[in-house]
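In order, the protein sequences belong to chains D and C.
The first sequence lines up with residues 1 to 508 when you count with the numbering used here.
The second sequence lines up with residues 1 to 508 when you count with the numbering used here.
Treat the hints loosely; a few may be bogus.
Here are the simulated EDC-like pairs of lysine to aspartate or glutamate, each with C-alpha atoms no more than 20 Å apart in a straight line [what the hints assert, rightly or not]: (1) D:K88 x C:E23; (2) C:K51 x D:E56; (3) C:K113 x D:D101; (4) C:K345 x C:E23; (5) C:K78 x D:D101; (6) C:K58 x D:D101.
If you want the footprint, here are the derived chain D segments under chain C, 3+ residues with CB under 8 Å [claimed, not checked]: (7) 60 to 73; (8) 115 to 126; (9) 266 to 274; (10) 374 to 383; (11) 400 to 413; (12) 473 to 484.
If you are wondering where the hints come from, they were derived from the structure by calculation, not from laboratory data.
As the structure is a computational prediction, the values presented were derived from the model and not from experiment.
For every residue, glycine included, the Cβ atom is placed at its ideal position computed from N, Cα and C.
Protein chains: 2
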Amino acid sequence: MKHALNITREQDFAAWYQAVISEADLAEESGVRGCMVIRPWGYGIWERIQKLLDAEIKATGHENCYFPIFIPLSYFEKEAEHVEGFAKEMAVVTHHRLKADGNGKLVPDPESKLEEPLVVRPTSETVIGTAFARWVQSWRDLPVLINQWANVVRWEMRTRMFLRTSEFLWQEGHTAHASADEAREETLKMLEVYRRFSEECLAVPVVAGEKPENERFPGAVATYSIEAMMQDGKALQAGTSHFLGTNFAKAQNIRFQNSAGEQELANTTSWGVSTRMIGGVIMVHGDDDGLRVPPVIAPYQVVIVPMLRDTDEDAAILDHCKALALELKALSAFGEPIRALVDGKSAKAKRWTWVKKGAPLIVEIGPRDISAGNVSLIRRDRLYDANGKLAGAAVSRGDFVAQAAALLVEIQDALHGEATARLHANIVRGVTDFAGLEQHFARGGKFPGWVEVQWSRPTGAGLEAVAERLKKLKLTIRNTPLAAAPADGTCVFSGEPAVERILIGRSY
Amino acid sequence: MKHALNITREQDFAAWYQAVISEADLAEESGVRGCMVIRPWGYGIWERIQKLLDAEIKATGHENCYFPIFIPLSYFEKEAEHVEGFAKEMAVVTHHRLKADGNGKLVPDPESKLEEPLVVRPTSETVIGTAFARWVQSWRDLPVLINQWANVVRWEMRTRMFLRTSEFLWQEGHTAHASADEAREETLKMLEVYRRFSEECLAVPVVAGEKPENERFPGAVATYSIEAMMQDGKALQAGTSHFLGTNFAKAQNIRFQNSAGEQELANTTSWGVSTRMIGGVIMVHGDDDGLRVPPVIAPYQVVIVPMLRDTDEDAAILDHCKALALELKALSAFGEPIRALVDGKSAKAKRWTWVKKGAPLIVEIGPRDISAGNVSLIRRDRLYDANGKLAGAAVSRGDFVAQAAALLVEIQDALHGEATARLHANIVRGVTDFAGLEQHFARGGKFPGWVEVQWSRPTGAGLEAVAERLKKLKLTIRNTPLAAAPADGTCVFSGEPAVERILIGRSY
Ligand SMILES: [Zn+2]
Ligand SMILES: [Zn+2]
Numbered sequence: 001m002k003h004a005l006n007i008t009r010e011q012d013f014a015a016w017y018q019a020v021i022s023e024a025d026l027a028e029e030s031g032v033r034g035c036m037v038i039r040p041w042g043y044g045i046w047e048r049i050q051k052l053l054d055a056e057i058k059a060t061g062h063e064n065c066y067f068p069i070f071i072p073l074s075y076f077e078k079e080a081e082h083v084e085g086f087a088k089e090m091a092v093v094t095h096h097r098l099k100a101d102g103n104g105k106l107v108p109d110p111e112s113k114l115e116e117p118l119v120v121r122p123t124s125e126t127v128i129g130t131a132f133a134r135w136v137q138s139w140r141d142l143p144v145l146i147n148q149w150a151n152v153v154r155w156e157m158r159t160r161m162f163l164r165t166s167e168f169l170w171q172e173g174h175t176a177h178a179s180a181d182e183a184r185e186e187t188l189k190m191l192e193v194y195r196r197f198s199e200e201c202l203a204v205p206v207v208a209g210e211k212p213e214n215e216r217f218p219g220a221v222a223t224y225s226i227e228a229m230m231q232d233g234k235a236l237q238a239g240t241s242h243f244l245g246t247n248f249a250k251a252q253n254i255r256f257q258n259s260a261g262e263q264e265l266a267n268t269t270s271w272g273v274s275t276r277m278i279g280g281v282i283m284v285h286g287d288d289d290g291l292r293v294p295p296v297i298a299p300y301q302v303v304i305v306p307m308l309r310d311t312d313e314d315a316a317i318l319d320h321c322k323a324l325a326l327e328l329k330a331l332s333a334f335g336e337p338i339r340a341l342v343d344g345k346s347a348k349a350k351r352w353t354w355v356k357k358g359a360p361l362i363v364e365i366g367p368r369d370i371s372a373g374n375v376s377l378i379r380r381d382r383l384y385d386a387n388g389k390l391a392g393a394a395v396s397r398g399d400f401v402a403q404a405a406a407l408l409v410e411i412q413d414a415l416h417g418e419a420t421a422r423l424h425a426n427i428v429r430g431v432t433d434f435a436g437l438e439q440h441f442a443r444g445g446k447f448p449g450w451v452e453v454q455w456s457r458p459t460g461a462g463l464e465a466v467a468e469r470l471k472k473l474k475l476t477i478r479n480t481p482l483a484a485a486p487a488d489g490t491c492v493f494s495g496e497p498a499v500e501r502i503l504i505g506r507s508y
Numbered sequence: 001m002k003h004a005l006n007i008t009r010e011q012d013f014a015a016w017y018q019a020v021i022s023e024a025d026l027a028e029e030s031g032v033r034g035c036m037v038i039r040p041w042g043y044g045i046w047e048r049i050q051k052l053l054d055a056e057i058k059a060t061g062h063e064n065c066y067f068p069i070f071i072p073l074s075y076f077e078k079e080a081e082h083v084e085g086f087a088k089e090m091a092v093v094t095h096h097r098l099k100a101d102g103n104g105k106l107v108p109d110p111e112s113k114l115e116e117p118l119v120v121r122p123t124s125e126t127v128i129g130t131a132f133a134r135w136v137q138s139w140r141d142l143p144v145l146i147n148q149w150a151n152v153v154r155w156e157m158r159t160r161m162f163l164r165t166s167e168f169l170w171q172e173g174h175t176a177h178a179s180a181d182e183a184r185e186e187t188l189k190m191l192e193v194y195r196r197f198s199e200e201c202l203a204v205p206v207v208a209g210e211k212p213e214n215e216r217f218p219g220a221v222a223t224y225s226i227e228a229m230m231q232d233g234k235a236l237q238a239g240t241s242h243f244l245g246t247n248f249a250k251a252q253n254i255r256f257q258n259s260a261g262e263q264e265l266a267n268t269t270s271w272g273v274s275t276r277m278i279g280g281v282i283m284v285h286g287d288d289d290g291l292r293v294p295p296v297i298a299p300y301q302v303v304i305v306p307m308l309r310d311t312d313e314d315a316a317i318l319d320h321c322k323a324l325a326l327e328l329k330a331l332s333a334f335g336e337p338i339r340a341l342v343d344g345k346s347a348k349a350k351r352w353t354w355v356k357k358g359a360p361l362i363v364e365i366g367p368r369d370i371s372a373g374n375v376s377l378i379r380r381d382r383l384y385d386a387n388g389k390l391a392g393a394a395v396s397r398g399d400f401v402a403q404a405a406a407l408l409v410e411i412q413d414a415l416h417g418e419a420t421a422r423l424h425a426n427i428v429r430g431v432t433d434f435a436g437l438e439q440h441f442a443r444g445g446k447f448p449g450w451v452e453v454q455w456s457r458p459t460g461a462g463l464e465a466v467a468e469r470l471k472k473l474k475l476t477i478r479n480t481p482l483a484a485a486p487a488d489g490t491c492v493f494s495g496e497p498a499v500e501r502i503l504i505g506r507s508y
């Protein structure tokens, strides 16, 4: 079967991923090291993610703020003291002026050297914690529940669009609480917000659980994640939520007077998801014809393509299409007006343009359709019929309008169902010793999925040894699923009695 | 009359401005040089601005994208060659790693020095122009109509919250067109979008017009602005739209094949508004009791304050308030659901908290109100009665709900009307020579407003001389209003025949 992309997932998954990004006009290299340009279709998906997730973040009582992009170097000195595993790859601003060097070039003006260099935020714990220390005096000021949508920068040597870029877009929630229990509850509440958002909006099934100690955010008491399975069987950590205990409060001096009049340290949390999620959507829902965007996050859910031929009839066809779009926009799907677009612009091959972009419903209308009262309908989730032919179907215009919202729901469910079946089919259980684990991932098969095993949850050096053994197989522990069955066997690493179940796999 | 702020506009307008920002919890110093923290109430206003303006930007055919925050130094070398007045105060990233210096301090790791420094974007013409050069090949690719919402950095020595900060938030539109006429039309179309948005959403009346040559964006063929009058009579440039001709296309090589098969340079535009608008809202609508937020951009339009007293009755009062909020949220004002908040959190002085923040309607409800079926209503735009007493009025709950949407519209109109009357009252006409101009601004009166004069529109050295004369009086030409009457007199600077009318004033 011939496909729209000139490479398939089976042939080369990494190259296929890049092809989807390029052919679906999601993003492109910017010419600036490690940074990408997010193009309208990709950014439109991000806008949908922002809109829907922001509503959930607000519904759970958080308010949005904005904190500076620059963080003085000294803030990191405090953190470096307190936090093991402090990361150092950051963009550092050292000058505030350019000057001509006399040879037609510009150079940082030596006279503009900053006394204290500024770091471009890699995350905002330090600067937000400093604000919390100002805002919080009494137990009455707690909890503080804030969020920001922002760009952050982490210097990356090897980058991959959406998955790992030096600059990326994200939201970071930061909260402070009077008690550890309340902060833990917040951490899990936001994890659940992410889980539900991923399942319901992205149609990406995930496993929510706790990361092992060696994969915690530096300084966190506990880190939780949602892990999604890509079509190559690798895991993508698609969101994290951290319980920070009093570690950051100590470093940043977030103290309050409790109701008994005593000074206490606040307990804090942080949690975030990023444009990385779009990488996950591509690798979960894409196929050999490009992207398939779940209708809930599709910038346009129905794309109407008038079959124009530079004749006098064109105007009438265009009018007909615009009228149809208006009719659709007056309808509601998923509790919002249907997003319909008439693509009257680009000249040719529009059908395949929208197939590759992954618009859920593509409707073509030519003169013959109009006289027959039909539209020609393509469902992106069922592109080919049993004979491998493009499954475009003539549908009466009235029927199409009547069914459009239900069709979108059906497509959303189909994508979620397909991905969920794949996730379940590719988590292997019953591996009881390390040799079994080794065998599973050695057995070939390009896309080996994940293995759920039992372990004794070692810490410190014991855990390091486990991580080393896994690393040789290019494996990591993804998380301890919150919903896993209780342990009833022995540790796959040590043979000791197990205390819980964990997921192991390769990852992005 | 006693007011909520301890300083009045009359006493010290600049100090009053800072007091409003602080007392209304809009923003605060961040501890990071030149950067502010935008707090929830301030950021909530920005979110409203974003939402409403974004809809207009999309309705006029533009799509949102995201471009890198970093711009390689060499991009500015190209621009510096082409653009007179090239600005050089920018944040320059020179290193990508921190390391410990052995004395407990962190320093930029010398080994991580970048071969080519990166500039934190002060505006994105260069990097977006480079993308346009990739995207545009043929006349069929035009127009390209894009916008981005982003943070930008311009190193500022003297900063003032919202008005001039090193980092600020904005939207920047960038477009490329096949003809100069179409690009000029775009420039004016977006100026009109800004004008209407300012009048209708911010309730800030503005004068739209063309900036004089010496105030153009470097490299622009024409720059247009909307100018708002603050309560101290100064002008605030609240938005700009630039027709760039082929100047940037030349520097960035944005060329296309026209329908005749010839290579042509594209004509480009750019246009932007920023968080500066919030400074304008404060200085136009604030009073000696704090901010007054126009209902269209108020994060909450109705704030309900339960009069809690730590008694058993509290729960019933809170429930009553929540029910009222739900009822209000089901209603619509300005085509959107009413935004109502029950402030059950902070303990005391809530009335004055919300007066200072400028919530349009403040509703207090205590046990007596509930039994009488009333609410106690404060309109933020009419805070005091004729006797200088707080004009809280008991209104039946039913009447209040029935009138809430209309009241919000009334407040929006009242704020706009008040500001419009002030603008009109403070533009002086009839000054026909420079002495008259000098006299007007020397006559004392702290808040001298603007003067509309006629001039001969000199260019080059002639214009420089005019600018110098004005500078001595701390004056600038604001713009040539598009709606001004035609010239019919002589130039206030030269006595020559005038060609148009301009506005002159002090400015932020
Ligand atoms: Zn195939
Ligand atoms: Zn007064």
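Among the hints numbered above, which are violated by the structure, and what are their numbers in rising order?
1, 6, 9, 10, 11, 12
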